[in-house]
Structures are given as structure tokens and as C-alpha cells.
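There are 2 protein chains.
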Amino acid sequence: MIKNAEIIAVGSELLTPSRVDTNSLYLTELLNSIGIEVELKTIVGDSENRLEQVLREAIKRSELVIATGGLGPTEDDITKKVVARVIKKQMVLEERILERIQFRFRSRGLEMPANNARQALVPVGARILENPVGTAPGLWIEHEGCHILLLPGPPRELKVIFEASCMPRLTEFSGGIRLATQVFKVTGMTESRLDEIIAPIYTRYKNPTTTILAAAGEIHVHLIAKGKSEEDAKRILTDLADKIEYELGDFVFSRGEESLEQIVGYYLLMRQMTLAVAESCTGGLISQRITSVPGSSSYFLCGVTCYSNASKIDLAGIPPLLIEMNGAVSPEVAKGLAEGIRLKTGATIGVGVTGIAGPAGGSVNKPVGLVHIALALDNTVEHQEHRFGGDRERIRLWASQAALDMVRRKLI
Amino acid sequence: MIKNAEIIAVGSELLTPSRVDTNSLYLTELLNSIGIEVELKTIVGDSENRLEQVLREAIKRSELVIATGGLGPTEDDITKKVVARVIKKQMVLEERILERIQFRFRSRGLEMPANNARQALVPVGARILENPVGTAPGLWIEHEGCHILLLPGPPRELKVIFEASCMPRLTEFSGGIRLATQVFKVTGMTESRLDEIIAPIYTRYKNPTTTILAAAGEIHVHLIAKGKSEEDAKRILTDLADKIEYELGDFVFSRGEESLEQIVGYYLLMRQMTLAVAESCTGGLISQRITSVPGSSSYFLCGVTCYSNASKIDLAGIPPLLIEMNGAVSPEVAKGLAEGIRLKTGATIGVGVTGIAGPAGGSVNKPVGLVHIALALDNTVEHQEHRFGGDRERIRLWASQAALDMVRRKLI
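Sequence order for the protein chains is A and B.
As numbered in numbering that gives the first Met the number 0, residues 0 to 411 make up the first sequence, in order.
As numbered in numbering that gives the first Met the number 0, residues 0 to 411 make up the second sequence, in order.
It is worth saying that the hints were derived from the structure and are not from the lab.
There's no promise every hint is true.
It does not matter which identical chain is meant; a pair holds if it fits inside one copy or across any two.
Said to hold, decoys possible - Straight-line Cα separation of at most 20 Å, EDC-like style, residue types lysine to aspartate or glutamate; simulated pairs: (1) LYS2 <-> ASP45; (2) LYS365 <-> GLU331; (3) LYS184 <-> GLU257; (4) LYS80 <-> GLU246; (5) LYS365 <-> ASP390.
Could you put the whole structure together from the sequences, leaning on the hints where they help?
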């Protein structure tokens with residue numbers, strides 16, 4: 000039975016001032032969900048000696064050791080070599096892996112560089128964990144009662160392999176305590192306001208534990224309940240979750256992993272409506288978020304990033320006089336963009352956004368962070384005025400969040 | 000003389016899925032600036048056993064060990080106790096510290112809680128590092144040739160103590176070694192192809208060290224050189240950097256922290272050119288990246304995310320017959336988008352992108368990942384065909400990268 004784990008992140012880049020090991024956060028979350036605690040994390044550079052020392056200690060003290068990174072095709076990718084040395088196994092070439100790697104390159108019309116053959120070397124006896132999205136497979140090695148998992152460093156590859164090939168088997172090994180979790184994603188209120196509302200409730204519970212996390216433009220309330228069985232954990236969870244959900248009402252946009260753009264997509268699909276966007280200060284971010292959802296082409300018709308005034312007039316159908324009279328950042332222009340793009344594309348809903356993302360371009364009357372958002376549906380146009388703080392990136396993000404939430408609230 | 004360091008972050012909260020140890024990033028930056036390299040980082044919970052193991056190893060292998068956190072007044076603040084055990088010293092009560100802590104509480108009209116007396120306990124022989132902004136002082140201990148620094152976990156306290164009481168002394172001990180660093184950002188080739196080209200060069204050098212990192216759609220080559228002085232480090236760096244830069248040629252898009260969209264912006268500004276984009280599968284991502292750069296409104300006129308065929312016709316000026324004859328994903332439509340948006344907006348350069356981002360919508364002839372990119376300038380239109388692997392997010396990102404790089408290469 001596996002109860003504790005440690006994570007070793009390999010890579011000199013993770014020892015620089017600017018890089019953070021995010022893989023371990025993801026792994027910790029999933030391990031915790033099946034009752035396995037992460038007791039130690041180590042970050043080690045591409046140094047064979049150091050990695051060897053760290054691995055030897057880790058294998059001695061932990062039941063599960065997950066090493067991430069250092070499985071690439073280059074000289075400084077040392078993880079497999081060092082593990083083989085520590086567990087005293089030879090490396091063999093796995094034809095099956097080699098063929099997969101060669102196929103990946105061929106299917107893109109490329110020749111496999113000789114270096115990549117290195118990725119098909121495997122310590123004898125290792126279980127191979129398929130990597131459907133990259134060249135380096137993961138490996139699962141059992142050695143003197145310790146489970147050693149080697150996973151590639153790129154987060155996308157690590158996640159696919161870990162969820163498909165590791166979690167099911169680890170769940171079997173973890174036995175005992177079960178966790179149940181719930182996330183509420185909230186937008187449109189501040190973190191302190193949210194805490195004011197729900198702290199009187201969640202502070203009365205030791206189990207579930209409640210964690211409040213401010214993410215970009217939204218707040219996530221995480222509940223984790225422990226129980227003797229899945230049903231037990233779920234029962235303990237639901238008791239608190241229901242109360243919190245009741246208090247937060249329709250500020251909650253998601254009860255799971257869905258993003259705001261996914262939720263907006265669901266509603267549009269459900270109501271068989273279509274959407275078009277004319278955005279200025281958000282610069283394409285709203286379009287980009289909406290179209291990041293697979294299948295969005297069935298409800299998203301078109302977006303226009305109208306940075307120049309000429310493009311506001313030509314592409315989003317704004318009357319030139321409207322800009323002249325009110326300025327490009329005004330309720331009138333936001334409404335004009337929403338109506339204009341709706342008429343031009345025949346979409347059910349048109350959204351218009353104009354504002355000042357900064358750092359330059361602000362004035363006393365129209366400061367950096369001022370954003371007007373409008374939504375046109377049938378013959379009505381609604382308008383919101385926002386003042387967002389922070390830098391260009393934050394202002395753009397919060398503006399896109401507010402625009403998407405305006406669509407969501409119109410559809411619920 | 001101190002050349003290498005390791006950092007131990009103490010605290011169970013740092014082993015949760017949501018918390019990152021940021022102190023070590025700050026410490027790494029300052030240590031690097033005086034030529035001390037961080038070779039290992041460990042994050043350990045409030046477990047005496049684990050911390051003891053980690054400390055014993057650290058003291059054996061490193062010249063400088065910095066432990067952060069675990070100096071608070073509560074039961075689970077274990078750092079000092081464990082260090083005293085490892086170096087076999089008794090703990091004594093330092094009257095001077097106790098008085099300072101009492102004074103801090105009194106000056107706010109509070110009684111010192113009994114717990115806080117614990118913070119005045121110090122292993123015999125330790126040098127006390129004043130904490131002007133909190134109750135826990137830092138400690139500097141020398142033990143069998145190893146310098147052990149204990150610093151409080153709150154970043155504000157850690158920074159004040161480290162800069163005032165540690166950096167001056169560490170600079171003396173570091174023996175004047177200085178680091179110089181250089182990054183090359185490359186796009187348009189695979190990591191293994193890049194390594195094939197430059198490994199024959201960089202493997203001949205122990206100093207500088209070379210690290211190759213694959214980021215989203217690009218590869219970063221990091222060089223770190225050590226020298227006796229700043230000039231010496233720079234000279235050692237330049238020797239290798241020049242050779243690598245020569246081999247990579249114009250695949251290098253940046254020699255610093257600039258992103259591809261910033262570089263494209265520089266060139267457009269420099270040449271007083273303007274840009275407009277008509278994108279389909281990238282869904283606004285290209286617009287969004289370009290407009291993420293402050294000041295982009297002076298060269299970016301407009302972007303159209305034309306998801307529906309009607310919007311390709313109406314907003315980007317594609318002849319309907321062109322789509323009918325070739326399909327929406329075709330070289331002809333990419334070229335039509337580039338030319339159409341250029342003519343419609345009067346931009347110097349028009350970019351058109353169409354492709355299949357997936358997961359659905361692919362066929363044998365036009366598989367998921369197929370992307371056509373075109374660039375229109377004056378009376379010429381150029382076209383590239385790409386096949387990107389991976390999921391929707393990755394395909395969109397690589398397509399945006401290829402489109403931006405096509406603009407960059409046209410302008411250099």
C-alpha cells in the first residue's frame with residue numbers, strides 16, 4: 000500500500016531564478032485525491048552525481064518516487080541513465096518505442112534525428128507508459144518495494160501519461176482513505192467579499208477543508224473531504240458544498256473543471272444561439288478564449304479585433320460620427336460594436352468591447368483600466384462600465400472575463 | 000570559498016497543490032549575482048525525521064545550505080531544533096532576542112504570548128541575524144566547513160535579513176566569481192534538430208554551461224559562464240555564444256527576454272509598416288498575441304477571426320467561389336484571407352491562416368494539424384503549409400508561432 004510519495008524534478012533550468020516546477024503541483028493534487036501525501040520535493044539540476052545521491056535517498060525512504068524531466072533526446076537528459084545505475088539494471092533498446100518515435104517524425108514529413116533513438120533506451124524490466132503526445136515514453140519501475148515513476152517534463156505530456164497510465168494503478172495501490180473534492184469557480188466578486196460570505200460557514204468544518212484561491216479573473220473555492228469510503232467522503236463533502244453553493248448563488252459559474260468559455264459554449268449550444276464579437280482593448284482575447292473550446296465553430300461565427308478606428312467603421316459597422324462625438328472608448332461605441340457585429344454577421348448575440356488597456360493612452364476622464372462592454376440581443380443592447388486595476392495583461396484578462404460573464408448571465 | 004549552495008524550504012503548506020516556494024527564486028537570483036550556483040532545492044514538510052535526513056545530506060555535500068521557514072513560535076516550527084540536533088549543539092536562551100521580541104509586542108500594546116519565547120532559543124555558537132520586521136531572527140551557523148543559514152519564511156522578513164546581514168558576508172566568501180548569462184530563443188526547428196547542430200560545439204565547453212529548453216512553439220538555449228570578473232565571465236560567454244549564434248543563424252529570433260510578438264512589433268515599427276490578420280483555426284490567438292504588446296496600436300490595424308464561411312466572405316473579402324472550389328482549408332483560401340484583409344484595411348502586410356485545429360473536422364486528405372499560412376505584401380502573396388502534431392491548444396499555438404515567424408522573416 001502506498002501512502003507517501005516524493006517528487007524529484009530534474010533540470011538545471013528549474014534552478015534558475017525565473018522558473019518554477021509546476022508539474023509537482025499538478026501531481027500533488029492528483030496524488031492527494033487518492034489519499035497519497037507528498038512528503039518531500041527535490042529540484043536537482045542536470046548533474047548525474049547529485050541526481051544519483053537524491054535518488055538513492057528517495058528510494059530508501061519513500062514508497063513512491065516520481066521523477067519528472069530529463070527524458071529528452073539531448074546529452075543533458077540524464078534521468079534514465081542515472082536510475083539504471085542506481086537500480087543496477089542495463090539499458091536496452093525497445094524496438095516498439097523506436098518505431099513509434101520514427102513514425103511521429105515521418106507523419107510530419109521529417110526524418111528522425113539520430114539523437115531521438117536515445118529515447119527508446121529503457122532499463123531492463125521497466126514497464127513502459129505510452130506517450131501519445133510526445134516522443135519520450137514514461138517508465139514505471141519497481142525496485143526493493145519502491146515504485147519509481149519517470150515522467151517527461153513537458154506538462155502536457157506528463158499529464159496525459161499520468162492520468163492514463165499511472166492514476167488507475169496508483170489508486171489500486173493506495174488503499175484505505177478516500178477523498179472527495181469539489182471546486183466552485185466564481186467570477187464577478189472580490190476574494191475578500193467572497194470570504195466574508197462563506198467564512199462563517201466553512202470555518203465551522205475541519206473536514207472538509209476549504210481553500211480559496213484567486214486565479215486570473217476568478218476565484219476557486221476548493222473543498223476536500225476525507226472519508227472511509229467514496230460514499231462516506233461524498234456525504235461529508237456535500238453537507239458543506241450545498242451550503243456554500245446556496246450562499247454564492249449565480250456568482251458560481253462552474254462546479255467542476257469547466258472554464259467560463261466552456262460554460263458560455265454549453266449555453267449557446269443548448270439554446271441554439273450564435274455569437275459574434277467586436278473587441279478593441281481585449282485585442283482578440285475574447286475570440287481566442289471562445290474558440291479554444293473544441294466544437295466552438297458551431298456557435299461562434301466571427302470576431303473582429305478592431306484596433307484602428309477605420310476598422311471599427313468598416314468591419315464592425317460603426318457610424319463614423321459615433322466615434323467622433325463620443326470617442327472610441329465610450330458606452331456608445333461599445334453598444335455600436337455589439338449591434339454592428341450582430342447585424343453584419345446575423346449572429347443571435349453581438350458583444351462589443353472598448354477600453355484602455357494601458358500602459359499609455361489614459362486620461363483623467365478616461366483612465367487606464369476603463370472598459371465598456373455591451374451585449375446586443377434582438378432589439379436590446381445592454382451596457383456595463385468597468386474600471387479594472389493592474390497592468391495591461393490583467394486589464395485585458397478581466398475585461399474578457401467580464402464580457403464572457405455578461406453573455407453567461409444573459410443565457411442562464 | 001563558497002561556490003555552490005542548496006536551499007531547503009521547510010513547511011507542510013509548501014507541499015500542497017496550490018503553494019509555490021517563491022523564496023528560493025529570490026535567493027537564487029541574488030546568489031547567482033555573486034557567482035554562487037544553486038545546485039539543489041528541497042521542499043520538506045514539518046516532519047522532524049525528514050528534515051533531519053535532508054539536512055544531514057545537505058551539510059555533507061554543499062558549502063552553503065540555506066533553510067527557509069519553520070522559525071515561527073508554534074509547535075510545528077521545527078527548523079532550529081532539528082539543526083541543533085544535527086550539529087550536536089545545545090539550545091540556549093538569548094536574552095537580547097527575548098527582549099527585542101517583548102519590545103515588539105509591548106510597542107503595539109500587546110503582551111508577548113509565552114510561545115514566542117521559543118524564538119529566542121539559539122544553538123550555541125550561532126551568529127544572530129537581526130530581523131527588523133518580525134520576531135524570528137535569522138541564524139548563521141558554521142559547521143564542519145559548511146555555512147548554514149536559517150531564515151524566516153515570510154518573504155518580507157527573509158529579504159530584509161538576507162540583503163542586510165547575509166549578502167555582504169557571502170560576497171566575501173564567494174571569492175569574486177561572477178556569472179554572465181545569455182539566452183537564444185529559436186523557432187522553426189525541432190529540439191533534436193537544434194541539438195544536432197549545436198551539440199558538437201557546446202559539449203566541448205565545461206564553462207559556459209549550456210541548457211536547452213523546449214517552450215511553447217520555441218526553444219530556448221541558455222548559456223551560463225563563470226569568470227573571475229564581470230568582463231572575464233562575459234568574454235568566456237561570448238566565445239561560445241558567438242559560435243552558437245552563427246550556427247543557428249536567423250532561426251534565432253531573440254537574444255534576450257523578448258517574445259516573438261515583441262520582435263515582430265519592433266520590426267514593424269522600425270519599418271513603419273502596418274499589419275492586419277485574418278485568422279480561422281487560430282481563433283484570434285495571433286491578434287491577441289500581437290496586441291498583448293504595449294503600443295501595438297501603432298502598427299496593428301485589425302484582426303478578423305473568421306470562423307464561419309460567411310464571415311470569410313464578408314469580413315475578409317474572400318470570393319465565395321474560392322471556398323466552394325478549394326474548401327475552407329486550402330492554400331487558396333489562406334492567400335485569399337491574407338490579400339483580402341490587406342486590401343480591406345490598407346495594411347502594409349496581410350496575414351491569412353486557415354487550418355484544422357481538431358479534435359474533430361479532420362479527413363485523410365486534410366488531417367487535424369494541417370494549417371495553411373499566407374502573407375501578402377505589395378503584389379506578392381507567399382504561402383506555407385504546416386502539419387502540427389498534438390491537441391487543439393498546441394496546434395493553435397504552433398500555428399500562431401509559425402505565422403508570426405513568417406512575418407518576422409519577411410521583415411529581417
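Structure-based check of all given hints:
{"no.": "1", "hint": "LYS2 <-> ASP45", "in the structure": "between (29 Å within a copy, 17 Å between copies)"}
{"no.": "2", "hint": "LYS365 <-> GLU331", "in the structure": "within (14 Å within a copy, 44 Å between copies)"}
{"no.": "3", "hint": "LYS184 <-> GLU257", "in the structure": "within (9 Å within a copy, 33 Å between copies)"}
{"no.": "4", "hint": "LYS80 <-> GLU246", "in the structure": "neither (55 Å within a copy, 29 Å between copies)"}
{"no.": "5", "hint": "LYS365 <-> ASP390", "in the structure": "within (16 Å within a copy, 41 Å between copies)"}
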